[in-house]
Amino acid sequence: MGTITTTILIPIVGMILLFLVPERYPKAIKWLTIVFTSSAFLASLGVLALFSSNQFNFQMVEAAPWIPAWGIQYKVGIDGISIWLFLMTTLLTLLAAIFSFYIDKRPRIYFAMMLLLEAAMLGVFVSLDLILFYTFFEATLIPMAIMIYVWGGSNRNYAAIKFFIYTFAASIFMLLGMITLAKQHEALTGVMTFDITAIQALVASGEFWQNTGNLQTLIFWAFTIALLVKCPMFPFHTWLPDAHTEAPTAGSVILAGVLLKMGTYGLLRFSLPLFPEATQAAVLPIMTLAVIGIIYGAVVAAVQPDVKKLVAYSSVAHMGFVVFGVFSLNQAGMMGGAYQQLNHGISTGALFLLIGLIYERTHTRAFKDYGGLKAQMPIFSALFLIVMLSSVGLPGMNGFIGEFLALYGGFMTAANGQYGLTLAYPVIAGIGVILAAAYLLHMFRQVFYGPLNPKLARLKDLKPWEIGLVGVFVIFIFWGGIYPNTFLKPMEKSINATRMMAINPPGQRPAWSNPNHEIDAQGNLVNINARTTNGDIDTSAGFEVVAAADYYAQGDSATSIQPKR
Amino acid sequence: MEQELFKNIWWVLALPVFGFLIQAFAGKIVIDNLGPKLGRQVMGGIAVLPIAAAFALAAQMTIALAKIPSGERSIILTLFEWITVGNLSIPFEVRVDALSMTMVLIITGIGSLIHLYATGYMAEEPDFPRFFTYLNLFVAAMLILVLGNNLALLFLGWEGVGVCSYLLIGFWYKDKANSFASNKAFIVNRVGDWGLTLGMFTLAFMAAVVLGKDGAEPRWLSYDVLLPNAARIASEFNPWVLTTACILLFIGAMGKSAQFPLYIWLPDAMAGPTPVSALIHAATMVTSGVFLLNRMSEFFALSPTAGAVVAIFGAITALLGALIAFGQTDIKKVLAYSTVSQLGYMFIACGVGAYWVGLFHVATHAFFKALLFLGSGAVIHAMAHNQDMRNYGKLLKYLPITGATMLVGWMAIAGLPFMSGAFSKEEILIESFASTLTWYGLPIGQIVFGVALLVAVLTALYMSRMTYMTFFSGDERWRLIPAHAHGDHGHDHHHDDHHHEDHAHDDHHGPDVHGFFYTDAEMADRAALTPHEHHHDLDESHEPHEVPPTMFIPLVVLAALSVIGGGWLFFGVNLADWLHSAGVVVHHHEAPKSIMYFVQKTLAKPIFWGATAAFAIGVFGGWFIYGKKLPEDDGMDTSKWKAWRKAAANHFGIDKAFTQGSIKGGNAIGILSWKVDKSLVDGIVNGLGTITAGFGNLFRMFQTGFVRGYATIMQVGIAALIVYFVYAITTTGGGN
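One line per chain: the protein sequences are A and B, in this order. Going by the numbering used here, the first residue of the first sequence is number 88, and it counts up by one from there. Going by the numbering used here, the first residue of the second sequence is number 773, and it counts up by one from there.
No wet-lab data here; the hints were simulated from the structure. Backbone N, C-alpha and C fix where the C-beta goes; we use that ideal spot for every residue, glycine too. Among the hints, erroneous ones may be present.
Lysine-lysine pairs mimicking DSS-like chemistry, simulated, CA-CA at most 30 Å apart [stated by the list, open to error]:
(1) B:Lys800 / A:Lys550
(2) B:Lys779 / A:Lys455
(3) B:Lys948 / A:Lys550
(4) B:Lys809 / A:Lys547
(5) B:Lys1414 / A:Lys542
(6) A:Lys547 / B:Lys1428
(7) A:Lys455 / B:Lys1447
(8) B:Lys1400 / B:Lys1414
(9) B:Lys1400 / B:Lys1428
(10) A:Lys547 / B:Lys800
(11) A:Lys455 / B:Lys948
(12) A:Lys576 / B:Lys1447
Every beta carbon over 10 Å from chain B, so not counted as near; a handful from chain A, in silico [what the hints assert, rightly or not]:
(13) Thr92
(14) Lys117
(15) Val370
(16) Pro482
(17) Gly537
(18) Asn572
Starting from the given sequences, assemble the full structure and let the hints guide the process.
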C-alpha cells in the first residue's frame, strides 16, 4: 500500500475508531481527531517528500481492479497540479479540527463527518479513474451537507438542502460524460475503461475525437458545467453564499479552502487535457463568465450587511481569477490560476477562521454589532489586517502572485489575439482588483475602526493557541508572497504539459501514458528516448523536440496588439 | 572591492525591516517594562537608529558610486528568484545607480530627521510603538520601490507604501472620519495601480514579442532588459501602443502622486499625524510618480503624445491645487493643496521632457515641504492641536525657532532667488518655455509655461497668506476664544470616549466557559490602567511654548537644506549629468548642439527675472492683504467670504462629485446586483427546486431525514438516467 492510499485511509480509520469512544468523553473524541488529522498531515508530507518536480507525469501511481467488467479501477497518483491541493487538504482539515474544540453539540458525529470529508477530498485530488473521482467527488457532499444541517446557523436547513441538490444535480451531467468517454474508448479499442491516462493517450494522438461531430463539445460542457458549479462560477454561484453563511466555522474553512478547488482542479485535470478543441473554443464564453464573476462577486460583496456573506461573495470574485488564469491558456496565466487556488484557500480559509473566532464570542456576524475592535483586541485585529490584505492581493503576500500572473496571462493571450480574446477582458478583470480593496477595507473599517461598540467592552484578545492557529496561515501568506517558487516550481511541468495537451495540435500533445514524453528546462515537449542526430535542434539535453514551448504565438484578432509587418 | 561595498545595499534595505520587526514585536513589552516615559524614549531611539544607519551606508555608497565612470554607474545585484514561471521571470534584484541612490538619500536622510521629530511629537501617544512600526515599514517599502530593478518590485514597494499610508492615515482609528480618509487613500491609489499594472503588462508584452525572438531570458519587467532596448521595442509597434503603455503608467503615477483627477485622496490624508504628512504625503511617497517617469523616461521620451498628456494634467493639477489652497483655513490643508500643486509642477517638467528637473524639484520640495509640514506640526503642537489659522497670529514671538525656520521654508517655496525652490522652479519654467513639444498643433510647452508662471505667483501668494496669518497679522486671535466655549475645529488628536465603556454590561448568555470575557475585577483593573488624556483646548488663557529640541533640530537642518540644497544640487552635484548616468533622458545630452539648447541659455536670464517678479508679487501682495489684520474675506464668518473663495473651500465640488458619486453610485449598483442575485439568478434555482420538490414530496412520505430523502431521489433519478444512457449509447454504437 502506497503513501497516497495510506494518507486517504488514515482519516477513515480515525472515523471508525471515533465510534468506539462514548459520546460522554468529548475531550477524548477531539484529541483522537487531532491525532488522526495530524497523522494524515504527516503522511501527506511524506507524499511531498517522495514527490519529484522534474516530471510532469503522475507519480506514486497505485492501481487495483475495482469493477473489472466495466473497466473501473482504483487508480491513484499525484502530479504537480494535485500535490499542493493534497497538502492543503490535510493542513486545513487539521487546523479546522483544532478550531473545532469549540464544538459541544454531538461532537462524535461532527468529527466523524470531518474525517470522512477529509478522506473524500483527498481521494478527489488523486483519482486517476473517472468513476473513482466521481465517487469521491460526490462523497464530499454528504458529510458537508450534514455539517451544515446539524451545526449550522439559523437558516441551515435551506442552505444544506440547496448545497446538496445544486451540486449533486450538476454533477449528474458529468457522470453521463464519463460514461460516454468510456464507451468511446471501447468503440475505438474494444476495451472499456475509465482510466484517464488511457483516454488521454488517444486524445493526444487525435484518434479519440476523430469523426465524432460535436460530441466533444457536448461532453466538455457536461464536465465543465458541473465543475463550474463547484467553483462556483457566475451564474451558478448562488448556493455558495447560503452554504458559507450557515456552515459552522470549520465547515466554511474547508468549503472555501478545499471544496471549491475541486471545481477548478477538475477543469485542469479533465476539461483541458481531454477536450482540447472544445477547450479552445470555450475560452471566450468561460472567460466572459470569469470576468462577470470577478466584477459581480465584488459588487455584491460590497453591500453585504453580514461579514460572512461578504467573504462568501468575495470567493466568487477570487475564484473568478482562478478560472480567468486557467482559461487564458498562457503559461504564466495557468500557473497564476493554479497558484491562486492555494492562495484563496489560505486567505479565505483564514478569514473564515478569524470570523469564527469572533463569532464564538459574540454570536453575531452583522456589521452593526461591531466597531472599534482594534483597541479592544489588538492581536486579533493585527492578524485580521494581515489576512485581509492578503485577500486584497497586496504584493509581498500570497494573493498578489496568483492574481498578477493570472491577469498577466490573460493580457498576453488577449494581446496576441488568441482564441478571440480581446484586451477588454484583462482590463475589466483588473477593475476587480480595485473593487477587492473597496469591499475588504469597508469590512475592516466597520469591524475595527470607529468608537468601540459598548457591547464588546468585555472581550479579551485571542488566546495563545488561537494566535498560533491563525499564525500558521500568516506564515503561508508571507511565504507564498515572498518566495512563491517553493510552490510554483513543483507545479510548473505539470501545468506546462496540461497547457500543451489543450493547445497543441494532435501528435504534438504530451501524453500521460507515454513514458518517453517529458518537458525540458525551456518548456519544450521532448522525446527523451530519441536523442537528436540533427544538429539543427538545439536543446540542452539534446532530445528530439516534439513541440516547442510557443511563448510568442501570434493570433489574428483585429483587436490584438500586433507588431508592424 | 567596490562590488563588496555595494553589497551593503542589502543592509540599507534590511535595517528598516529590522526596525519594523523590533517595534512590532518588542515595542509594547519594552514600554510596559520601562514605563511610558523611558520606554518611549528607548523605542523612539531604536526607531530612528536603523534609518540613520541606512542613510550613513547609502551616503558612503553614493560617494563610491560617483567615483565610477559614468558609463558603468549602474550596479545590479540579485538576491533570489522571486517569481519564475515559463514565460516570465522576476528576480528580487536591486539596481544601484544615480537615480535610485538620490532617492535613497532623500528617503533615509529626510526620513531619519522626521523619525527624530516624531519621537518628540508622539511622546504622549499611548500607541507609540504601533506608530513607529508603520513608519519603519514605510521606509522599507519606499526603499524597495526605488531600489528594485524591475517594475514588479517597484509595484511591491508602490503598494507597500500605499498600505503604510493607509495605516498611518487611520492611525487614530477611533475617529470615523480618519477611517474614511484612509480607505479613500487606498482605494483611489488602487485605481492608479490598475493603470500601472496594465502599463507594465503592455511593456512586458512588447518586450516579449521583440526580444523573445532572440531567445532572451524572460525578465520582461527588468529595467536592464527594457531600457537599453526601448527604441527597438517601440519601433516594432505602431506608435499608439507605446503611447498607451506610457499613459497607463502615468495613470499609476496620477494615483500615487495625487494628479488630477486622482488627487482627491491627498488632502484627506492629512488626518494622519503630522510627521506622516511630512514624510509620506509631502517628501517621499507622493513623489514616486515622478520617480517612475524618470525611471521610464527612455519610453516616455519616445512618445510626444504621452508627454503632452503628462504636461497638461500636471498643469491642471498645479493650478487647481494652488487655487483651492486659498479657500483652506486649516494650516495642514493649505500645505496639502500646496503639495498637490507642487507635484503638478514636477509633472509639467516631466511632460516637457525635462525629467531630471522633475526629480530636482522632488529633492528641493522634499527639503522645504518637509520643513513646512514639521513646522506646522510644531505650531499645532504649541496651539493645543487647533489647526485653524484664523485662531493664530503673532506666533513668531512665542515660537522663535519654529517661526524662523518656517520663514525660511516660506521663502524657499515662494522662490526667493538662490534659495533651493527658486532653482528648481526656474528650471521648470525655462524647460517648458524652451520646449518644442506640440500636440495637435498646440504649443504645449509654452501653454504650460504660462500656467506655471501663474502658479508661481499664486504659490508665493497663498504661502504668504499662511505665513502672515500664522506668524504676523495683527492680533493674537486665540485670545478672542472665551474659555470653555469651543467650536468644532480641526483636530489632530483623538478622543477616547470612556463614557461608553462605563455603561458596558454583560451581554453574553450563560457562563463564560471558554474564558472569552473579562471579569468585573479585570474590567476595573483595565479602567485603572487606561491612560487619561488631559486634552487642553485652545482658548484665551493659552500660552504657546516652543517645542523641545528633538523637534526643532530637524527643523533647523531642513531649513539649512532649503537654503543651500538647490544650489548645491545644481552646481555642486550637477544633477542633470548625475541622473543622466542612470539612464534618465536629459535634453542637452541627447543633442548638445540643438537650437533648443541655445534658446534655453539665452532665455535663462529673462525667466530668472520673471520668476523673481512672481515671487515679489506674491510676497508683497500677500503683505498688502494679510499683513496688518485678517481680512473679512478670509475671516471666521465664512458667509462674508467672496464667492470664489467659498468655491475654493469646497474644492470646486470636484472631490464631492467623485467621492459621493462613486460611493452612492457603487452602493446603488451593489444593492441592485444583490437584488438581481437573490430574485433572478437564485430565483431560477429555487424555482427549479420547487418543481423538483413536487416529486420529492412523494418520497418524503417514506423518509424522515432530509439527506437520506434527497439522496434517494437523486439515486433513483441517476439510476434511471444511467440505464437510459447506457441503453442509448449501446444501441447507437458509442457515439459514432
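To see whether the hints hold, each was checked on the structure:
For the hint pairing lysine 800 (chain B) with lysine 550 (chain A), the CA-to-CA distance comes to about 18 Å; that is within 30 Å, so the pair holds. A hinted pair counts as satisfied when its Cα atoms are at most 30 Å apart, and lysine 779 (chain B) with lysine 455 (chain A) does not qualify at roughly 52 Å. The straight-line distance between the Cα atoms of lysine 948 (chain B) and lysine 550 (chain A) is roughly 29 Å, inside the 30 Å bound, and the hint therefore holds. Distance restraint check for lysine 809 (chain B) and lysine 547 (chain A): the Cα-Cα separation of roughly 27 Å lies within the 30 Å cut-off, and the hinted pair is therefore satisfied.
Restraint check: the Cα-Cα separation between lysine 1414 (chain B) and lysine 542 (chain A) comes to about 48 Å, which exceeds 30 Å; the hinted pair is violated. Taken as a hint, the lysine 547 (chain A) and lysine 1428 (chain B) pair is broken in the structure, with Cα atoms around 40 Å apart against an allowance of 30 Å. Between the alpha carbons of lysine 455 (chain A) and lysine 1447 (chain B) the distance comes to roughly 21 Å, so the proposed pair stays at or under 30 Å and holds. Taken as a hint, the lysine 1400 (chain B) and lysine 1414 (chain B) pair is honoured in the structure, with Cα atoms around 20 Å apart against an allowance of 30 Å.
Pair hint lysine 1400 (chain B) plus lysine 1428 (chain B) does not hold up; C-alpha atoms about 35 Å apart against a cutoff of 30 Å. Of the supplied pair hints, the one linking lysine 547 (chain A) and lysine 800 (chain B) holds, its CA atoms being roughly 17 Å apart against a limit of 30 Å. Taking the CA atoms of lysine 455 (chain A) and lysine 948 (chain B), the gap is near 14 Å; set against the 30 Å cutoff, the hint holds. This hinted pair does not check out: lysine 576 (chain A) and lysine 1447 (chain B) have alpha carbons roughly 43 Å apart, beyond 30 Å.
At the 10 Å boundary, the C-beta of threonine 92 (chain A) stays outside the reach of chain B, the nearest C-beta of that chain being 26 Å off. Every C-beta of chain B lies more than 10 Å from that of lysine 117 (chain A), the closest at about 14 Å, which supports listing it as non-interface. With 10 Å as the threshold on Cβ separation, the claim that valine 370 (chain A) sits away from chain B holds: the shortest Cβ distance comes to roughly 18 Å. A Cβ of chain B approaches the Cβ of proline 482 (chain A) within 10 Å, the least distance being about 4 Å, so the stated non-interface status is violated.
Once the 10 Å rule is applied to beta carbons, glycine 537 (chain A) is inconsistent with being away from chain B; the minimum gap is 5 Å. With a least beta-carbon separation of about 6 Å from chain B, asparagine 572 (chain A) fails to lie farther than 10 Å from that chain, contradicting its non-interface assignment.
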